[in-house]
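Given the coordinates of chain X, work out where chain A should sit on it, guided by the hints.
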Amino acid sequence: MLFAVPFDMTNGHCSINAHYKTIMMKRLIFYILLGLTSIHASAHTGVGITQDYDNVRVHSYRETNREDYRKAFIIGQLASKLAKELHYTDPIFLDCWLGLLPIDSVASTDYQISVQHHKYWNEEGDGSEKLIIRQQAKNYDVIETLKLVEYAIKNKKSIQKQQQLLKSTFFYDRGNEKLSISNDLIQKALQQPHGEEIEVLLQTRIERPLLYDERKPNFTYYWQNNEYFIFRNQWNRQENDLDVSVLLTLPHIHHFEDLGLLFLVFDTPASFYYLNVNHYDKETRLNKVSARHVIENIGKMDLGFKAQSITHGDVSICINEGMLRRTGDPMRLMLYFYETDTLVQDAYAALEINAANTHQYIL
Amino acid sequence: MSKFVALKPETYYLTLGRQLQTHLKQMAMKQFIIFILFFISTLSSAFSRAIQTQDYGNVRVSSASNYDFEEFRKAFIIGQLAKKLLDELQYTDSVYLDFYHNHYEIDDLPPIFHLSIQRINSRGRNSTSGDEKIVIRQYAYQYDFEGTLKLLEYAIKSKVQIKQQQTVKRNPSAHGTRSFLSINDKVIQDVLHKPSSEMIQTTMQTRVDRPILAKEPPRPSGSVNYYWQDNDYHIFHNTRLRGEQEKKDVITMTLPHIYTFHTLYPMTVVFDSPASFYVVNPRRRDKETGAYIPSSKQTIEYPSKIDRGKKIEAISSNDISIFFRYSYGVIGTPFPARLLLYFSETDTLIQDAYASHNIKSDTLRSSVSHAEIREMEEKPTIHDFTTWKKQLDFIVPTRLYKRIGKERKQQELSLVSYAEVNENDSLSIQDFQGEKVIETIAGIQKNIPGYHTLRIPSGQRGEAFLQKKVDILRHYQGPENDLKLLKLTWALDDQQFHTYAVISEFHDSVIYDDIISYVHNPAINVVRGSFRYDEWPLFN
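So the sequence lines, in the order shown, correspond to chains X and A. Under my numbering, residue 363 is the last one in the first sequence; the count climbs by one each step, no gaps. Under my numbering, residue 540 is the last one in the second sequence; the count climbs by one each step, no gaps.
With the rest of the complex left out, here is chain X:
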């Protein structure tokens, strides 16, 4: 099941209703403003989506279109399997917020763990008691999240006793208080080695989750043991059949751009591989993977980009494009020519286009 949530509803604690109503109102206004600024943005759309995996519900929120947004649903599937292994059948809510942080920052993930009555938007009454793990991260960590799920399942009663309203460090909480056990306890749990159940779970292959209105893409990947295996999604492949010819293996996927017949797979904010459905080795029939192309002088913030298929194979990439771009911020246009596997780092400079908002990257 899949639900789009217009705004977060994770704060429903019966005893502090009035306080939360104010927070909710502030948050509603914040989201309305955020929504208004992102109506037409392709690269920057503040979007929150939920997906259910048995007793696990995942809410994933993003600003820019990064693959970690989808990784939350991979974690959700693993968490569901872990709960099953641990015979835990009560609801678990994974509330995942993807932070917008400088590219070079090494920010650790913020976690909150609580057991509380929480009302899902499609739930009747005041909402049942749920085990809630919230996180705000630059990149989601599968093992850490699973460790916390395991810890929370095994320590539910002590969490209930130890949790208290604490000032949240999440950007999106804007300094409001949230119910959670202390960060010290969370860090202690994270420092423990993970159990055998998690070790086994990491070997599970999970295919890139599809969102509500998405069609089967021409290329996709499966996640396994913290690696990503990219393969051609043949039209006749059976669902969940992951015995496929892997074209590329990556330790991380920052962004997976689907341009129909063409795909850009960013392994970092500043490097990508290119795949084309019609570009394949005639003998092996396997699709070719381009060289790894590095974008020079990417800048400090990853505010997203606009990629566009401009011919039957060539691609344009416009960095710093979108609603989060401030007026006057320089844009940068790159061109990728697939037949010669060439990346033009700055088309404005190469073509001597000197406009106010362009050509400010001196390479």
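Misleading hints may appear alongside valid ones.
Unchecked claim - Straight-line C-alpha distance at most 30 Å; calculated DSSO-like pairs for lysine-lysine:
#1 K360/A / K288/X
#2 K186/A / K163/A
#3 K311/A / K297/A
#4 K311/A / K216/X
#5 K216/X / K484/A
#6 K297/A / K288/X
#7 K406/A / K282/X
#8 K311/A / K282/X
#9 K389/A / K379/A
#10 K163/A / K83/A
#11 K282/X / K360/A
These are computed hints drawn from the structure, not numbers from a lab.
For chain A alone, coordinates are given in the frame of chain X:
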């Protein structure tokens, strides 16, 4: 130069028969196979035309086009004007306007009109049920708005006369023969050349906004759009100018023609011809009023002579890419490509992005210049199949393949001559009428050498196919004695044999043949279309 072969899209198969066979003989087998694959893909795209109908009261408009040009949408503007005229004339019966866009810019091919009063079904084909309608069909590169209204006005006033005069009118076109029930071209031209009535002149003053197609989302208010009025296109956006109280439609520019119209957020690209365009970027405004200022007119140098659509994309909020391929190149490889980039902040058009970035690849850039490629592109030849003689004269030699063991033997089938049967012949036209026809056909087919190499449908499909042909012969209701039987002499390599064809003198068309129906050759497929059996219902 010799490895280049001019390939004309849809209609290049018209001349494939003789022209291409010479080339093919010189080609390696592998290349030939690649070409065939390409050819199939060309045909499939050529025939994947879009058809849409829209109703405006008692006016139904059907618009068809092979590619996404603005003319497809203009048919619906004409439909709205027609409705306006009908209201003025207080005409309440049904009208059917059928448009088919010819995307080839051919100087000596004016719009082809067909005008009839007939019963038609929802797909615009002849029908025996339903109300009689005024049917106006138009095939053109640029639709004639005023001409359509003139014909409509004439039809309303001359229904009885049209019904008496109408017969099947065949016109050669770039997409095969256009055969529909109609009054003749002389009457149509007379109507078109008369000055417009006052009512039509008033109708032409009507403002009609760019029609929205089915499944198209409504346009956001304030977006750039156009309306048509008195043969001009006014590009506008609804806004409140600085210093003014009310919102209004502010005209950015007026053009005599719109070729294509591309809404690319946040820009709008308007082509007024296949090779020239304007860009409206909301960031480019008049400082005092805030009205949008269009770019200068940008011209694409050496565009393709045969435009099959361009891929136009916004690559940033200020910049645009334009991509197309020429209809000329090396067989078996993609044709030469052009990538242009437009930068709106500096109003600059880069004519060849591949050259600018020194991207060299056979499939993108050839050693031949764009000017030379354009020179070598050939527009389709319009083949006239409007008489049975012209139809048969176009039957080109074709290859048949015969399998002997593991070997595949090739034979050439060619039409040597044809003549009307004389008294000494064993068959007469009576043998093709009444009950004898099936027996007659079976007898002829038995004597065709290499009959099994023809791809004759078998089983129920084959029977149905034959039955259709037989039904046409049995139920033919042309003028008395207008059917003639022809004896066709064929050669399969050196072996000669005969088949028969029935022609209608009144309709001047082949209405039955023994063999041509089963020969699959691109050129023959086209000529067969001119006497296709689908035309049959139009005779009745």
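Structure-based check of all given hints:
no.	hint	verdict
1	K360/A / K288/X	holds (19 Å)
2	K186/A / K163/A	holds (16 Å)
3	K311/A / K297/A	holds (19 Å)
4	K311/A / K216/X	holds (24 Å)
5	K216/X / K484/A	violated (59 Å)
6	K297/A / K288/X	violated (41 Å)
7	K406/A / K282/X	holds (27 Å)
8	K311/A / K282/X	holds (27 Å)
9	K389/A / K379/A	holds (25 Å)
10	K163/A / K83/A	holds (22 Å)
11	K282/X / K360/A	holds (22 Å)
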